[in-house]
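There are 2 protein chains.
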Amino acid sequence: MSWIKRKETFIKDLKLFKARWDHYHNSNLGIDLDAIVLDAPETANVVAVTKDNKIVMVSQYRFGTQNFSLELPGGIVEPDESLLNAVQRELQEETGFSGENWAYLGFAYSNPVIMNNRCHHYLAREVEKTHPVKLDSTEEITVELIDIKQMRNEIFDLVVHPHTLSALMRVLSVDLKIAIHD
Amino acid sequence: MSWIKRKETFIKDLKLFKARWDHYHNSNLGIDLDAIVLDAPETANVVAVTKDNKIVMVSQYRFGTQNFSLELPGGIVEPDESLLNAVQRELQEETGFSGENWAYLGFAYSNPVIMNNRCHHYLAREVEKTHPVKLDSTEEITVELIDIKQMRNEIFDLVVHPHTLSALMRVLSVDLKIAIHD
Numbered sequence: 001m002s003w004i005k006r007k008e009t010f011i012k013d014l015k016l017f018k019a020r021w022d023h024y025h026n027s028n029l030g031i032d033l034d035a036i037v038l039d040a041p042e043t044a045n046v047v048a049v050t051k052d053n054k055i056v057m058v059s060q061y062r063f064g065t066q067n068f069s070l071e072l073p074g075g076i077v078e079p080d081e082s083l084l085n086a087v088q089r090e091l092q093e094e095t096g097f098s099g100e101n102w103a104y105l106g107f108a109y110s111n112p113v114i115m116n117n118r119c120h121h122y123l124a125r126e127v128e129k130t131h132p133v134k135l136d137s138t139e140e141i142t143v144e145l146i147d148i149k150q151m152r153n154e155i156f157d158l159v160v161h162p163h164t165l166s167a168l169m170r171v172l173s174v175d176l177k178i179a180i181h182d
Numbered sequence: 001m002s003w004i005k006r007k008e009t010f011i012k013d014l015k016l017f018k019a020r021w022d023h024y025h026n027s028n029l030g031i032d033l034d035a036i037v038l039d040a041p042e043t044a045n046v047v048a049v050t051k052d053n054k055i056v057m058v059s060q061y062r063f064g065t066q067n068f069s070l071e072l073p074g075g076i077v078e079p080d081e082s083l084l085n086a087v088q089r090e091l092q093e094e095t096g097f098s099g100e101n102w103a104y105l106g107f108a109y110s111n112p113v114i115m116n117n118r119c120h121h122y123l124a125r126e127v128e129k130t131h132p133v134k135l136d137s138t139e140e141i142t143v144e145l146i147d148i149k150q151m152r153n154e155i156f157d158l159v160v161h162p163h164t165l166s167a168l169m170r171v172l173s174v175d176l177k178i179a180i181h182d
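Residue numbers (this note's numbering), protein chains in the order written: chain A, 1 to 182; chain B, 1 to 182.
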């Protein structure tokens with residue numbers, strides 16, 4: 001490992017994360033480099049499936065892309081929360097669905113280049129609508145139930161959110177238009 | 001659409017992107033909200049497959065996660081470049097591989113919540129090592145050829161980079177440990 005971090009410089013608290021510069025020296029390359037890092041909390045999302053084979057999705061306006069995005073329910077893990085508690089809470093708050101049958105599916109990093117946090121993926125089976133939706137004062141979310149068959153056929157038309165794709169690909173055989181084979 | 005953007009405030013040029021606040025008013029919710037946006041260039045990556053069924057991957061140290069990450073070759077699209085030119089250039093510079101047989105696989109956003117850019121995915125078949133690797137002065141990259149069969153079985157152990165997963169899932173049937181069915 002040739003990258004040695006020599007110093008961190010705090011830039012700004014940007015609400016969803018804290019931005020900082022990490023000041024590196026690389027002994028192989030003989031260079032110094034300042035890398036931007038967004039220090040962000042862990043997140044989690046869930047592939048929640050109803051008894052009649054529908055995936056519980058949420059659509060909301062996203063300020064990065066300035067458009068609506070169809071995503072799995074999920075959100076930030078609070079400091080005092082377990083991953084499972086966080087994702088169960090987010091599913092219930094955003095959609096009103098809950099269930100007893102949960103499995104961990106692994107994680108992907110948010111963006112290894114500039115962020116230090118992960119998105120942990122869960123599967124919840126046989127979820128049911130048990131609670132009213134309970135949104136934050138700044139959230140406008142529409143719940144959409146997408147049939148598994150439709151998702152398998154249209155996933156790349158419906159979903160442009162990478163962490164939603166990362167979770168879905170762990171449990172869903174996607175209909176490949178072009179395939180590579182060994 | 002109830003989110004009306006009233007103003008943008010530039011924060012800082014952070015090298016890989018420009019950070020700004022977008023100041024919104026929501027007429028349904030009756031609230032004002034400041035959203036952080038990272039204004040970033042478009043990116044592209046490629047599933048490049050050799051004649052003997054190996055996927056050309058790159059391993060490099062990532063400053064966000066402070067660890068090595070196994071990823072598809074790719075990078076930023078320069079202002080004067082087409083997507084295809086950019087991804088062909090990145091493949092050749094980072095790995096020395098090139099080929100004639102290219103297909104577009106679609107895109108995912110980098111992160112719809114905070115970023116405005118996309119990662120476009122390509123497939124390149126029958127690539128061959130034709131050139132020397134030509135890295136930037138700040139890049140340390142190791143090329144790794146991963147057999148398709150191994151990737152299918154071990155993808156979630158090998159890869160934690162969401163845009164690499166988003167590209168691979170478009171052309172590779174992944175071995176599902178847990179599956180949902182319609």
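Hints listed in this document are in silico derivations from the structure and should not be mistaken for laboratory results.
It is possible that part of the hints are untrue.
[To be verified] Chain B stretches covered by chain A per the calculated footprint, using a threshold of three residues with CB under 8 Å from any CB of chain A:
#1 8 to 16
#2 45 to 53
#3 74 to 85
#4 89 to 103
#5 168 to 177
Glycine included, each C-beta is placed from N, C-alpha and C at the ideal position.
Worksheet entry | Outcome, coverage of the segment 168 to 177 of chain B by chain A - at least 3 residues whose beta-carbon is closer than 8 Å to one in that chain | holds (count 8)
Worksheet item: Within the assertion that chain A covers the segment 74 to 85 of chain B, do at least three residues meet a Cβ-to-Cβ distance smaller than 8 Å?
Response: Per the Cβ count (0), the hint is violated.
Worksheet item: For the segment 45 to 53 of chain B, do three or more residues have a beta carbon lying closer than 8 Å to a beta carbon of chain A?
Response: holds (count 3)
Worksheet item: Are 3 or more residues of the segment 8 to 16 of chain B near chain A, judged by a Cβ distance of less than 8 Å?
Response: holds (count 5)
Practice prompt. Closer than 8 Å, Cβ to Cβ, for at least three residues: run that test on the segment 89 to 103 of chain B against chain A and report holds or violated.
Written response: Violated - the segment 89 to 103 of chain B has 1 residues with a Cβ nearer than 8 Å to chain A, which falls short of three.
Taken one by one, the earlier hints fail for this structure at numbers 3 and 4, listed in ascending order.
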